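Colleague: Just need the whole structure built from these sequences, with the hints factored in.
From first to last, the protein sequence lines are chains A and B. Okay, so the first sequence: first residue is 1 according to this note's numbering, each after it adds one. Okay, so the second sequence: first residue is 1 according to this note's numbering, each after it adds one.
Worth flagging that the hints you see were computed from the coordinates, not collected in a lab. Here the structure is a predicted model, which means the values were calculated and not measured. You can take every hint at face value.
Taking lysine to any residue pairs in the SDA-like style, the calculated list, with each CA pair at most 25 Å apart, reads: (1) K42(A) to R44(B); (2) K79(A) to A17(A); (3) K71(B) to L46(A); (4) K79(A) to F11(A); (5) K2(A) to R44(B); (6) K42(A) to V107(A); (7) K2(A) to Q41(B); (8) K42(A) to V19(B); (9) K45(A) to K57(B); (10) K45(A) to G40(B); (11) K9(B) to G40(B); (12) K45(A) to P39(B); (13) K2(A) to D59(B); (14) K42(A) to I95(B); (15) K9(B) to T85(A); (16) K42(A) to Y108(B); (17) K9(B) to E62(B); (18) K42(A) to D30(B); (19) K42(A) to P8(B); (20) K45(A) to D59(B); (21) K79(A) to G40(B); (22) K2(A) to G42(B); (23) K42(A) to L11(B); (24) K42(A) to S65(B); (25) K2(A) to Q37(B); (26) K42(A) to Y10(B); (27) K2(A) to N84(B); (28) K45(A) to D57(A); (29) K42(A) to T86(B); (30) K57(B) to E3(A).
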Amino acid sequence: RKEVEQDPGPFNVPEGATVAFNCTYSNSASQSFFWYRQDCRKEPKLLMSVYSSGNEDGRFTAQLNRASQYISLLIRDSKLSDSATYLCVVNVYGQNFVFGPGTRLSVLP
Amino acid sequence: DGGITQSPKYLFRKEGQNVTLSCEQNLNHDAMYWYRQDPGQGLRLIYYSQIVNDFQKGDIAEGYSVSREKKESFPLTVTSAQKNPTAFYLCASSIVPAASGGGQETQYFGPGTRLLVL
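Modeller: Structure, rendered in structure tokens:
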């Protein structure tokens with residue numbers, strides 16, 4: 001089983017839709033969690049960290065379920081500019097980041 | 001303007017040639033990393049450095065070498081021993097090493113170098 005798994009995608013959604021990304025991780029000792037966004041042929045950029053209590057930044061909401069070893073990212077009212085690949089990243093204390101393979105999103109006009 | 005720079009943007013390697021990718025940061029970050037990304041795959045760690053004059057192998061270090069003589073710089077050499085070097089190479093840095101946790105381990109990436117084999 002891979003350390004970090006994500007929905008295979010791609011997701012094609014119309015503008016204004018709500019879209020949810022799912023991520024599961026295998027190491028129960030994981031302690032830091034992030035969502036990165038990567039545009040085509042560009043570097044990944046931090047979208048948001050994921051906290052145990054869940055956190056929201058505008059149209060974006062991240063949730064963490066430690067018991068199920070599951071992370072989610074919800075995008076509401078999606079915009080054309082949200083089209084990108086979304087990477088789930090997990091960190092275990094004393095080790096290095098583990099990146100998921102990413103889920104590609106295309107928001108259609 | 002603080003940030004991470006990588007050069008060149010595109011690099012072509014001939015058979016049997018060693019090539020060096022540059023990575024510079026002026027963020028005063030202690031930790032630096034090199035990743036490789038292949039199409040449709042996640043980032044894989046090549047080498048990382050938590051402090052000047054020290055570095056460790058990542059998951060796919062074979063065929064690569066690094067140095068960390070200055071805090072700001074972490075060049076990556078792709079040697080002729082790397083048989084499949086075509087990929088997108090990403091350099092990253094963080095205030096503290098990823099292993100430290102505590103909230104300051106967030107990594108910031110440079111724009112990347114695309115390496116192609118002739």
